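Trainee: Protein sequences, first through last, are from chains E and C. Per numbering that gives the first Met the number 0, the very first residue in the first sequence carries number 0; after that it's consecutive. Per numbering that gives the first Met the number 0, the very first residue in the second sequence carries number 0; after that it's consecutive.
Treat the hints as calculated values from the structure; they're not laboratory data. Predicted, not measured: the structure shown is a model, and the values here were computed from it. Each hint should be verified, as a subset may be incorrect.
Stated by the list, open to error - List of simulated lysine to any residue pairs, SDA-like, C-alpha gap at most 25 Å:
#1 E/K103 to C/L106
#2 C/K274 to E/N240
#3 C/K49 to C/D38
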Amino acid sequence: MVAIKRVIDPYVKVRVKNDGSGVETNNVKMAMNPFCEIAVEEAVRLKEAGTVEEVVVVSVGETSCQEQLRTALALGADRAIHIEAETGLEPLTVAKVLQSVMEKEQPGLVLMGKQSIDSDNNQVAQMLSALTGRPQGTFASNVTIDGDTVTVTREVDGGLESLQLMLPAIISTDLRLNEPRYASLPNIMKAKKKPMEQLTLADFSVDASRRQEVLNVAPPPERQGGVRVASVSELVDKLKNEAKVI
Amino acid sequence: MATLIIAEHNNLSLSPDTLKTINAAMALSSSVSVLVAGDNCRSVADEVSKVAGVEQVLLANNTVYEHQLAENLSALVVEVAGQQYSHILAPATTFGKNLMPRVAALLDVGQLSDVIQIKSEDTVIRPVYAGNALAEVRSNDPIKVITIRSAAFDLAEIQPEQSAPVSELDIVIANDMAQFVSRQAVESERPELAAARVVVSGGRGLGNSDSFALVEKLADKLGGAIGASRAAVDAGFVSNDLQVGQTGKIVAPELYIAVGISGAIQHLAGMKDSKVIVAINNDPDAPIFQIADYGLVGDLFELLP
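Just chain C, with the same shape it has in the complex (with noise of 0.2 Å):
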């Protein structure tokens, strides 16, 4: 049996949690197709073309797939689907989560979400209850749809001289119920959040949005990306993109340092894979210092600078 992986790209370029979606593929014993569906997004294909364990590379070219919308998306993946993939995976990110349960509700399957572990090809492990149980689940479907949590996942490696066959697909879905009107991206020459190296957060002890630049500054210092808590969001401090935890994003760097954040299930649900941990922050009695494997307890004013 065979594995289609759906591609999040933006037309340009492939996503990194593509990459890591690939790579978890790799513990299914089976080929690994992947489906790139957008518009004049060759470069996107050939990029996909050279990634170890990659196949074959299938794409949709064609303006009605421009932004990507579930709608149509979701029907041109079933098509594609048809009966020759046992496994369909895509990112457990904003666009896998919005595309993947409409795809597996067409297929009348169950979905596996934000898988962390492949065990077999029928049995996955995941996260519940914001990350405090972990759930070894069995799928009895002939179809896996699965989105990867790609925090839990390497990135698989480019190979420059690999080349997998790139097929172009004429299977062309006009979307009439939904139509794309704005996207408003945040400006940012930081790394991207989800796949740093080092992430520095802040939460409500900063106080104001002022002060968040003491975060910024240590971040670039480390050459990391900011995060923030639900709080800092809250209170307008950062944009709600840079929320970790449950409702937010989930990153796994190697270093998390997290500043006046007190550590809320919520929040910690989005960073406790961290390789280490780092808090600093005035109450030594902070839930977060448990989880710390270095904890700082003083003033952030004072020891940020």
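Only chain E is shown next, with the shape it has when bound in the complex (with noise of 0.2 Å):
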């Protein structure tokens, strides 16, 4: 099982509302988190390689999600399971609903990206990971099944971590996890006529209740722009004189 994220395009530079209401999404250009975009590809290699029989992709959100759910099939997912809802709910409301899922299609395994580019709060897998009690391999940038238990290399701070857990677990990619492939033609064509199974929120039984208000969305303060210098003997002076940090 692999859950995504619709988002906007990570190379779009996002602009804050003047209302301090939130950023602007409307007509900006959205995509799969590129977190997400890795968990699913790892989930189609790991098919590829015979270890994994059927991939299944989740994604919460409003009915455009579906774009990025027929993106995933594309990719080489088989099913995908699409549940209404608002967009912007709290990531322990997504890791409720998720485990929901879960306890529906007893996954040996569930991937995700460890962050979705817009919200940055890099929660969901370890949530989800509490509430069904399985362990997590967190951050991974290397996934090996052995029988029932998965080896995980883990980026950590200073280096490089392996854990051995017990499947099912809960996974969530880095980026250096793999290289994800580019959709072809013949592809997403195929993809249209794979099966996307419709749920609304309501049909799950879960708290959605809001925990958190966001009272304010603020461009962050502007860098007053810096000077050009000539060559590197006035840098230098100008560090030392000027900047005082050297």
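Two independent chains are provided; combine them into the complex using the hints.
Mentor: Given below as structure tokens:
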């Protein structure tokens, strides 16, 4: 099972709305969260290697999420589950919905991105692991399944760490796990015929009440434009005498 | 109400990120306890007891906590937290990011990630969209679980004459679902990236890993740490734990020198709070120049040596 999210395209420079309510998402290019693409790719590779039988992609969000689910199907996932809900659900709510999906689907492994590049929370995988009482392998840069365990190499501050987890486990992907493929046109066409189950938040007995309120969203303070220096000696002089940092 | 801070350490010494988290907690009007969980980590508890502002140290010293894995450590934190703590904090390092959401979910509360400012008991400021927007968020949860971006806070002081009481806990929770296999640390004599006063970073412009020696030489001369852009890491010039950016480390040194780095949004997210930014690039239109205090246009291979 792979959980994916629709976000603003990572190469778009976001604009904060003037009323402080959030960032502008109208008429902005959307895409699959880059960490989620890596999770889909890893699942498809595990299937191609014969370790995994079926890849199910799940997304919780507005109807437009189905575009990203179709993309995942074109990349090699077998079927999709879309859970209709408003955008911007809190990570704990998403984790609870995914917990219910796990109970129904009984996946041997759950893959998802380590963080979404809009809210930058880095929470859902860990929360899902807690709710299901399963082990977690966060920030994975290598995943090897061996019988009923999985060995995960994690990117941690100061280097790498390897853990052996009992399956089913929840793994969140780091950027260096793999390089996602592009969907070919024939695969995009085939993806249109793959099954997509449509559910709504109401189908789950999940408490979706908000615990956090966003009071204001503001642009970060702007840095003042700097100066161009002509030579190394001028730079060193400025750093020594003006900025006093060396 | 009281605050519980989960200490990050390597069983020998406390991480500087924990000192910054303790300092961040001073914005909350409550007493501060620090939980030190590990194996043979008495020295860490003693170290914590001398940190300004710490009132109590809780020590869970057992082999089951040796590698501080999230599965049993989260259960320990929840058991310790009970009803007594209104705030639970940890640094937003890979340690804190791994552990804290698990703690939050077990307590059935949300989490506030990577907080850069604590405005009040329930309201914080945190960056979103790779630091391109700052969100002011109020949590209505009974317990606030928070990770602290260390680059945004100063170190708490060490007071050698202080000695907060250390109480030993005898809660032993085994972890039968996850097992530590190995750890590969990157050896370096340079200061740690996240805590360094000076950071010299190299990007794709360096061309190959041999040229990275130029960056290393400059860093050594300035007593600084070395960093890298994602392009430099992906191209294999340096190991990934040196990556600065949204997906790597977030730094805010006094001086940041970007060499051969164009300044993509994801990279800027990791360094734009540095006090002074110097850019050295042969492309006068590189976005890095828009945020650099001092820019030098030219060939880095001529300028660096």
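Trainee: All hints, please: hold or fail.
Mentor: Hints, one by one, checked against the model:
Proximity of E/K103 to C/L106 is assessed by CA-CA distance (about 24 Å); at most 25 Å being required, the pair is judged to hold. Of the pairs offered as hints, the one joining C/K274 and E/N240 holds, with about 15 Å between alpha carbons and a cut-off of 25 Å not exceeded. A distance of roughly 20 Å separates the Cα atoms of C/K49 and C/D38; the hinted pair therefore holds under the 25 Å criterion.
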